[in-house]
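Read off the chains here:
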Amino acid sequence: MSAFNVVFVRDLRVAFRRWSELGYPLIFFIIVATMFPLALSPTTSQLREVGTGVLWVAAFLSSLLAVDGLFRSDADDGSLEQLLLSPVPMTLTVLAKLAAHALVTLLPLVVLVPVTALSYNMPLSALPTLALALLLAAPTLSVLVGVGAALTLSLRRGGSIVGLLVLPLTGPLLIFGTRATDLGLNGESTAAPLLLLAALAVLAVSLGPLAIAAAVKVGLE
Amino acid sequence: MFEQLHFDLGPTQLALLVGPNGSGKTTLLRILAGLAPPTSGSATWKDVPISELVAEDRAEVAYRGHFEALKRDLTVVENLEFHMALWGREAAFDGVLAELKLNKVAHMRARYLSAGQRRRVALAMLQLSGATLWLMDEPTTNLDSEGRALLVEWTHRHLAAGGLAVVATHQPDEFATSGALMIEL
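Sequence lines, in order, name chains W and A.
Mind the numbering: the first sequence is residues -11 to 209 in our numbering, read in order.
Mind the numbering: the second sequence is residues 7 to 191 in our numbering, read in order.
Be aware that one or more of the hints could be misleading.
On the chain W side, residues computed to face chain A include the following (Cβ under 8 Å) [to be verified]: (1) Val(-6); (2) Arg(-2); (3) Leu0.
These are computed hints drawn from the structure, not numbers from a lab.
Using N, Cα and C, we set each Cβ at its ideal position, and we do this for glycine too.
Using the sequences and the accompanying hints, generate a full structural model.
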């Protein structure tokens, strides 16, 4: 098994052994997405108007709840030191950890968000675009969360600060993601924002792990 | 924390780091492992600074700190398998588990192990790492007398096979070998 697979499989296994914790961010997302219709007047036209923005913001917020599973738990039990010392390059380890983390935290959102969108009176025809936009945004979001998690490793309680670090950086994702969703809703061409999301994903995945690996090293010193 | 410190270690040699709490034993071990850079000076393995080692040389250095690096939700065997795969080693570890009296808990999740048993698994990882240089930070913590004896025996066996070891300890007598290098911090 390649080094990438070794780390990837191990992180997946650890995540699924604590499967109940995987559910918390998803339940958080559903609760937040349900609160808006309660707070706003629930006319169908208004719901559809705010729906796009609410769903994207709620998805980003809920992805922050799972941040401790990325590096914090490994740092607390000494595993991160061993990963750093092992002959496997840390950049590769980070890439594998991000992939496993995205698979268990972000992929469920890619499924859950379009389902929730139905309750915002979004037409079925717009849902594939929404799911695709989320799928393309996921790698970048994962890398951003990884940067936040790595930079706050040396802090005792990093969780809340990660949000302050990461959320402002999700601006472009939010803009292109909601734009693609809105264009999809109106039945127009969504190629431009989706391609921009894809370009951001390529950039994030190619440069992110290098930066995160360096930040983890500094964070453990 | 400490200055004017210089020592060389060759095959079959053991160095014991002793000193009161807070004197820098852990810091020195972390510098030797390459986890922290020294403020000044350098730590080298085979004349190469520890932070610039290539993967094969990197794998010759094993560090065991205060934490056992066990995933609580994985079984003992899964933890060992992951650890060995990470280091690119393949070896049967039934014998090692038997010696450590861990057979009965081999398929239990690490969270159900006692502190002493977890420490024993950490020892198994060290033994199975195949590393030449063992860096151990107070390895006898939580171990019973039998476990401590086994640790000392393994260390001596490792040295006899041409290995090196640096051990931070408050009980240097336990490791007493005539040739041990005592480093007082």
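Hint check against the structure, violated hint numbers in rising order: As far as the earlier hints go, only 3 is violated by this structure.
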